[in-house]
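Engineer: Residue numbers (this note's numbering), protein chains in the order written: chain A, 262 to 549; chain B, 10 to 351; chain C, 3 to 416.
Keep in mind that the hints were calculated from the coordinates and are not lab data.
There could be a bad hint or two in this list.
To be verified - Within a straight-line C-alpha distance of at most 20 Å, the following computed PhoX-like cross-link-like pairs (lysine-lysine) qualify: (1) Lys-379(C) - Lys-251(C); (2) Lys-225(C) - Lys-172(C); (3) Lys-316(A) - Lys-272(C); (4) Lys-363(C) - Lys-409(C); (5) Lys-316(A) - Lys-379(C); (6) Lys-129(C) - Lys-340(C).
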Amino acid sequence: MDYSLVVAIELLREVAGLILIATGLAIVFGMMRVINIAHGEFIMLGGYTVVLTTKQGVNIWIAILILAPLIVGIFGVIVERLIIRHLYGRIIDSLLATWGLSLFLIGFVTVVFGNTVEGVTTPFSAIAIGGYTVSIYTLFLIFAAMAVIASVYLTLRHTKAGLIARATMQNPDMVETLGINSKLVYMATFGIGAAFAGLAGGLLAPISGVVPSMGALLIGKAFITVVTGGTAVVAGTLSASSILGSISQSVTFIFGPVFGDATLLFVALILLRLLPQGITGRIFTRSV
Amino acid sequence: MLRNIHKDWLGAGFVAVLGLAILIFVPVYFDLFEVLQMTKYVVLALFVLSLAYIWGFGGILSFGQAGFFGLGGYVFAVSAINMGQTTIPFLIAIALCVLFAGALGYFMFYGRLNDVYLGVVTLVVTLILYKLINHTAGPEYIIGTARLGGFNGIPSIPIMTLPWQPDQEMEPAQMFQYFMAILIAVYVLLHVLIKSKFGRVAISIRENEVRTSLLGYDVRLYKLCIFMIGGAIGGAAGAMWASYQTFVDPNIFSLEWSAKCLIWVIAGGVGTLIGPIIGVIALEYLSFQLGQTDFINNLIVLGTILILVVLLMPKGLFPTFRDIFLKLWRRRGGQGDGERPG
Amino acid sequence: MTRNISRRSMLKGTAAVGAASALPMLPFSAEAAGEIIVGGLHDLSGFIDFAGIPMNQIMLMAIEEINASGGLLGKKVKGVVYDPQSNMSMYSQFATQLALKDKASVVMGGITSASRETIRPILHRFKTLYFYNTLYEGGVCDRNEITLGTTPAQTVEELVPYTMGMWGKKVYTIAADYNYGQITAAWVKRYVEQNGGEVVATDFFPLDVTNFGPTISKIQSAKPDMVMSVLVGGAHLGFYNQWAAAGMKKEIPIASTTFGAGGAEIEIIKPEVANGIVTSYGYYPSIDSPANNAWVAKVKKRYPEKTPFLTELSAFTWDGMMIWADAVRTAGSMDRMKLIEVMESGKTYNLPSGQCSIDPKTHHAIRDVYIADLQDKTFIIKKKFSQVQPADTQSVCDLVKNPNSNKHYEISLK
Chain A
262 MDYSLVVAIE
272 LLREVAGLIL
282 IATGLAIVFG
292 MMRVINIAHG
302 EFIMLGGYTV
312 VLTTKQGVNI
322 WIAILILAPL
332 IVGIFGVIVE
342 RLIIRHLYGR
352 IIDSLLATWG
362 LSLFLIGFVT
372 VVFGNTVEGV
382 TTPFSAIAIG
392 GYTVSIYTLF
402 LIFAAMAVIA
412 SVYLTLRHTK
422 AGLIARATMQ
432 NPDMVETLGI
442 NSKLVYMATF
452 GIGAAFAGLA
462 GGLLAPISGV
472 VPSMGALLIG
482 KAFITVVTGG
492 TAVVAGTLSA
502 SSILGSISQS
512 VTFIFGPVFG
522 DATLLFVALI
532 LLRLLPQGIT
542 GRIFTRSV
Chain B
10 MLRNIHKDWL
20 GAGFVAVLGL
30 AILIFVPVYF
40 DLFEVLQMTK
50 YVVLALFVLS
60 LAYIWGFGGI
70 LSFGQAGFFG
80 LGGYVFAVSA
90 INMGQTTIPF
100 LIAIALCVLF
110 AGALGYFMFY
120 GRLNDVYLGV
130 VTLVVTLILY
140 KLINHTAGPE
150 YIIGTARLGG
160 FNGIPSIPIM
170 TLPWQPDQEM
180 EPAQMFQYFM
190 AILIAVYVLL
200 HVLIKSKFGR
210 VAISIRENEV
220 RTSLLGYDVR
230 LYKLCIFMIG
240 GAIGGAAGAM
250 WASYQTFVDP
260 NIFSLEWSAK
270 CLIWVIAGGV
280 GTLIGPIIGV
290 IALEYLSFQL
300 GQTDFINNLI
310 VLGTILILVV
320 LLMPKGLFPT
330 FRDIFLKLWR
340 RRGGQGDGER
350 PG
Chain C
3 MTRNISRRSM
13 LKGTAAVGAA
23 SALPMLPFSA
33 EAAGEIIVGG
43 LHDLSGFIDF
53 AGIPMNQIML
63 MAIEEINASG
73 GLLGKKVKGV
83 VYDPQSNMSM
93 YSQFATQLAL
103 KDKASVVMGG
113 ITSASRETIR
123 PILHRFKTLY
133 FYNTLYEGGV
143 CDRNEITLGT
153 TPAQTVEELV
163 PYTMGMWGKK
173 VYTIAADYNY
183 GQITAAWVKR
193 YVEQNGGEVV
203 ATDFFPLDVT
213 NFGPTISKIQ
223 SAKPDMVMSV
233 LVGGAHLGFY
243 NQWAAAGMKK
253 EIPIASTTFG
263 AGGAEIEIIK
273 PEVANGIVTS
283 YGYYPSIDSP
293 ANNAWVAKVK
303 KRYPEKTPFL
313 TELSAFTWDG
323 MMIWADAVRT
333 AGSMDRMKLI
343 EVMESGKTYN
353 LPSGQCSIDP
363 KTHHAIRDVY
373 IADLQDKTFI
383 IKKKFSQVQP
393 ADTQSVCDLV
403 KNPNSNKHYE
413 ISLK
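Whole structure, please, built from the sequences with the hints as guidance.
Structural biologist: Structure, rendered in structure tokens:
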């Protein structure tokens, strides 16, 4: 009984992890049709922000929840102004440019901050569940992922900004004629996507090794989750993360991590074959 | 009409003749080390041709072209180690890649996968291969006498042997000429194919899939054939790569290799065959040069260059330079020259 | 006309790129200038640059020292350094270049086993002496290579009984899923069983796994007396943080054959998390001997900023340079076979890492091995073992009998 509870928590934690790393990418891909290969490096920047600012004495929660998304979000806006805005409608070129950006960021962080920056320890202690202990931070991650997805949903559904964003996605020209600057919308969208990547990096910093190459480990999984989910940001990310995360983590428990990862890919493959436009291309088509 | 035929064939003819000249004279005028370096570019050029063809002339964007490259390399390695010669393993590698491309292509095209989703499926399949091959470090993963070796890969892969003398390893110069001959042959064949009726239908599919299908062409079948041709070329390049390097490791299946292949094509220019070849040589040469210098960090330089290429040369290196050259030529030569048949 | 001329000139451009790639990179031939070339192939960028950069720094420092004392055979020594960028095909390209173009007398480098197995056959084929200075899984049998790093039979053999004696007989092994991890895990099992203990489970992790939650739960349910970590690389660092976060640090102690091997782990993981991990290597900066204290001071003086991590990797690179220089001086020649014969003669070298000699049968180092406990970023040495033999490689390799061997044996423990 205790063991099943622990397993359930771990499944949720994997789902939460996928949601966190994929949400920012889903916003950028779903709304702007830009594949941001440097998304993993944005996550890495979030991790570095937390590690470096806490070293300067900043409270860890401020670092994770405010500084990481803020700094990476601002960085995202700068990147959008300098590079991405030239590439709208050129999905493949955006791939090449952001690949270049990803290499650049890895090199840049290595040179400026070094590849051996001292990490942070995990906040909170552990709680006992029968004979097992689970880190409270794991529970916090699950909570954070739910908060992230809920906030995106509420913003898109119930605010004016969300309405404009959805309209811009569907018909940018129409929005423009209504007197809204679609360029500004794109810039803000990319910045918000980057901010979510920063938040993910901040949240993952205490439980992973913060090194320049950490982004490369995450981008593949994030990308596959987003594409499997389809273009609807909330429903797509949520459904793809839940299916992929829970199945792969169950396999990990039974057969070990190699087969867990392979199963994640295999399930994504089957889903894409059955639902060629991603999950939300067929079902939940009216969702956001 | 005559003019058009001229235009179609002269460029390719020049490439072929120049290729033959390189094939003949490089081993005469360059030393062993230089020949070995150039062999590398020849193999990578063949690999990039596989994607340049299916993407530029069939509209199939594969994010996982490295899957065929790796599969070809591994199949070649395992069968060459077991058989002791290389000609039959080379053919086995190509054949298996064609079959694999057939199976995967059937799965995708007959499932009406399109666009970026198709790209992701190819990527995912390649990553599955990567995960599984990576897991073969244990001694139980052995095929005949070839250990798969997991992350470390398979070392000591035989060097290509002469097709007519299976116990005789090729000298580096012979290997260069052999590979160069394959590259020229594939280039010319692809050119013929593109100019054939099959090729024109393929291009019309790229331009407008629905319309082509309404005209009565079986779009899925055409795409499947194109994909299998791409698989064959990719697999051949993989086998040559394994033999050239004398080792192969799972990184060949990694996201990095697939992405690199895409980047070479984009940088060189989609929709041409020679452009991507220039792209691969230019970019690989650049990282090779960076490896010998004392820049602060090579990734910064490489990344910056990639970004600048996209922003400043949206069409890719080859088309951009071609257009600049044409403009200069017209300006200098006056208006009449531009109209002269090529 | 327009068309074909443009094409043709483009092609000329292509050919020029191809030709330029083949131009010699050195402005003049090194031999004519009377210099001895030492080639360095370490990852200076890419995912293990934290290990490669210190090795390169130490190699260059050794070259400076050799030149300061008058060079070798009246010639200056020159380092030719390339950055293979953690890319195997560049490793092979630069190794070929060092052997054929630069005519290097010796090549130092290769970090991962994959990179070593890429360049070793090339250097063997082109008869260029090669030093591999990294701890690895054992089994290389090649008379052209001098292998200075420790192997599992040297470190695990000491580490297992020592830690079992402190903590108990039930061991849970977690290891990276590749050759080094698999083979080291097999050695752990063998030594645990020889010492009357039991390995309750062994889990393997691909090098890109970052989430260790399921494993930590499994360890909790197996309740071992200790965990043996053979985890490798940046992604696996997450284990230590997640382990501490689950409150396991007070419960079950960790021994490791890899933690801090490249030096980066002890900087990245906070002391609260890393303290108490017990390791065994052939070098620690805290070795208290006159030779080591002088060397550590020298390194700090040479590199007051960006001081390289002092670990097996960098210390053995120094060892390699000193052993090679000594062989050149003793042989009075640059002839490769003469150098090899000197090194095979069983000389004992006094080095910062302790006493060391080259085993003529395997070309591996017979050296001192230490056990240390990590406290606040410093390894506190607990025990020293003198002149430990590379017994694993010795069981498969005999270069005295088969001098032409050119192979990496997989050491089977079945």
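Engineer: Now, for every hint given, state plainly whether the structure supports it.
Structural biologist: Evaluation of the provided hints:
no.	hint	verdict
1	Lys-379(C) - Lys-251(C)	17 Å, holds
2	Lys-225(C) - Lys-172(C)	8 Å, holds
3	Lys-316(A) - Lys-272(C)	11 Å, holds
4	Lys-363(C) - Lys-409(C)	14 Å, holds
5	Lys-316(A) - Lys-379(C)	17 Å, holds
6	Lys-129(C) - Lys-340(C)	13 Å, holds
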